[in-house]
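Asks: Assemble the dimeric complex from its two separately framed chains, guided by the hints.
From first to last, the protein sequence lines are chains B and Y.
The numbering of the first sequence is the numbering used here, which starts it at 1 and goes up by one.
The numbering of the second sequence is the numbering used here, which starts it at 1001 and goes up by one.
Just so you know, the hints here were simulated from the structure itself, not pulled from any lab data.
Note that this is a predicted model, so its numbers are computed, not measured.
Each residue gets a CB set at the ideal place from its N, CA and C atoms; glycine is no exception.
Warning: the hint list may mix true and false statements.
[As the list claims (entries may be wrong)] Just so you have them, the derived chain Y footprint on chain B, three or more residues with Cβ under 8 angstroms:
1. 31 to 44
2. 82 to 92
[To be verified] Anything over 12 angstroms on all C-beta distances counts as not near chain B; from chain Y, calculated:
3. 1011
4. 1022
5. 1028
6. 1035
7. 1036
8. 1041
9. 1050
10. 1079
11. 1084
12. 1147
[Said to hold, decoys possible] Label pairs and their computed distance ranges (CB to CB):
13. B/18 x Y/1126: 34 to 44 angstroms
14. B/21 x Y/1070: 17 to 27 angstroms
15. B/97 x Y/1013: 22 to 32 angstroms
16. Y/1154 x B/114: 25 to 35 angstroms
17. Y/1142 x B/114: 19 to 29 angstroms
18. B/79 x Y/1031: 20 to 30 angstroms
19. Y/1062 x B/112: 31 to 41 angstroms
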Amino acid sequence: MTVIANFLIVVTILVGLLFTVVAVIGVLRLPDVYTRAHAASKSATLGVLSILVGVFLHFWWNKDHISIQLLLAIAFLFITSPIGGHLMGRAAYLSGVKPTKLTVGDDLAEVVKKAKQSKPE
Amino acid sequence: MAFQLILNVFIAVVWMFVSGSASASTFIIGYLIGLILIMMTRRFFKERLYIARLWAAFKLTLLFFKELTLSNISVLRVVLQPKMTIQPMIFALPTDLEHDWEITLLSSLITLTPGTIVLHVSDDQRTLYIHAIDVDDVDEAVDSIKHTFEKAIKEVSRP
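Here chain Y stands alone, though its shape is the one from the complex (with noise of 0.2 angstroms):
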């Protein structure tokens, strides 16, 4: 990902030079004409087309302002609730992902989804502890991180 956006911003410097002026319009026209080339030459590169990854991280980041939301109207309703009726629990949920930044992320997101906290990552790194707040959300909850959180992360990272 990291070769192609240099290839890119290389190009455009490249066409600054080739139309001899310095100037950001000639810079962005530039990097247009770069995206097209490295669209048209893309199976010469092992990855995926850099522009699709950042799709992928721009959806990720709209997911999470939905849950960031959804979460605080959730724990608005425990909180303002006249009864506490609450039933905590800790429960382990195992992961696939691999790398260090991808388990720091998923637990991030994790952390600010309706009524669940990460408590401990185990050495292994493959499985999360994590506390929700009400025993009726924990099938739900473990439901929307498997094929929402894991999905669209695994849709980031894959090369």
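Bound conformation, chain B alone (with noise of 0.2 angstroms):
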């Protein structure tokens, strides 16, 4: 038994450790800040959430502690990130970043445009 619950442990960090790396390498190779925010805002949730879930299980079985704070702590990972790289993108985009050269269609540009005219700084 011990052996199985250690083995999801060490599993669920591992996964958490990849998706970390993952998302610090597409924040690294990735050629502008929406692409960036992808890789930032979802592999980066999974990853400490696969980390905090692993050292909850680990707490668990081998210490037999229910630790509410990490149950806590992941709740509130799943409300604040997805906002937080939405927020990021948007002032990014109304604050001028032009997208990568790879893009190839834009319908929010029409609309920042005439916003801007119709009140004009």
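Replies: Pasting the structure below:
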């Protein structure tokens, strides 16, 4: 039983580590703010999440201690991280950061241009 | 929904008084009895049975975890492929959700699904502007957002 429990703990923490590393590589390799936001907001969420789940299971099964704080941390991570990704992307776009050359279509550009025309600075 | 829940807790408390014991197991028994009573009298309530909405919320959570895993695998594929062949695109997606919390929930779900991030919500809250990491996925993404997420959220919010 202990072997299975420890195996599961090690697997969740390793998966979390893998996704965190992927997030870092993504931030380094991808060409612009928006694609980097993809890597940062998704992989980082699941990465940190799996590590927290692994720690929770370790303290539960090996130390007989159910940590409510870890569960709360998981819930808060879920609520905050997509909002963080969205706000960074939106702030970048509205302050005029150009998307990469690879971008094929942009429906938002006209909307922003129209809003600027109706409200000149 | 809140009214039915409060009524159910109230019936459980009344059951605790009736049986004269204030333990957790008495509360649970009273709660189950209240649930059966509410099911029997459900045509007097204007809204659906609250259990149905809780079940819809549970299904939405499961869907969310599935999409989160899929999105991470897709980011992993994009990041680790040797050549950058992605074609990002910003597209508009009309939505017919009405309440603020529904739109917030939908944007959070979109942000955590494969290859899409919400950049902007239009002022009249009828359109979401979404950044997709690869143009090949756009149609698929629109389809999955329209037919799974919006439907699931509507299922939860339907009275």
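Asks: Assuming the hint says 31 to 41 angstroms, is it satisfied by the Cβ distance from residue 1062 of chain Y to residue 112 of chain B or not?
Replies: 37 angstroms, holds
Asks: Could you see if the CB distance from residue 21 of chain B to residue 1070 of chain Y stays within 17 to 27 angstroms?
Replies: 19 angstroms, holds
Asks: So is the segment 31 to 44 of chain B in contact with chain Y by the C-beta rule, three or more residues under 8 angstroms, or is the coverage claim wrong?
Replies: With 10 residues closer than 8 angstroms to chain Y, the segment 31 to 44 of chain B meets the three-residue bar; holds.
Asks: Mind verifying the non-interface call on residue 1028 of chain Y? Its CB should be farther than 12 angstroms from each CB in chain B.
Replies: Nearest chain B Cβ is 20 angstroms from residue 1028 of chain Y, so the label holds.
Asks: Is it correct that the beta-carbon of residue 1079 of chain Y has no partner in chain B closer than or equal to 12 angstroms?
Replies: Non-interface label on residue 1079 of chain Y violated, nearest chain B Cβ at 4 angstroms vs cutoff 12 angstroms.
Asks: Does the claim that residue 1050 of chain Y lies outside the interface with chain B hold up, using a Cβ gap greater than 12 angstroms?
Replies: Given that every Cβ of chain B is farther than 12 angstroms from that of residue 1050 of chain Y, nearest at about 22 angstroms, it holds.
Asks: Within 34 to 44 angstroms: is that where the Cβ-Cβ distance between residue 18 of chain B and residue 1126 of chain Y falls?
Replies: 40 angstroms, holds
Asks: Just double-check residue 1036 of chain Y for me: nearest Cβ-Cβ distance to chain B has to come out over 12 angstroms.
Replies: 31 angstroms, holds
Asks: Can we confirm that no CB of chain B comes within 12 angstroms of the CB of residue 1041 of chain Y?
Replies: With a cut-off of 12 angstroms, residue 1041 of chain Y remains clear of chain B, as the shortest Cβ separation is near 34 angstroms.
Asks: In terms of Cβ atoms, is chain B entirely out of 12 angstroms range of residue 1147 of chain Y?
Replies: 21 angstroms, holds
Asks: Test the statement that residue 1011 of chain Y is away from the interface with chain B: the closest C-beta pair must be farther apart than 12 angstroms.
Replies: Correct as stated: the minimum Cβ-Cβ distance to chain B is 29 angstroms, above 12 angstroms.
Asks: Can we confirm that no CB of chain B comes within 12 angstroms of the CB of residue 1084 of chain Y?
Replies: 7 angstroms, violated
Hints 10, 11, 15 from the earlier list are contradicted by this structure; the remaining hints agree with it.
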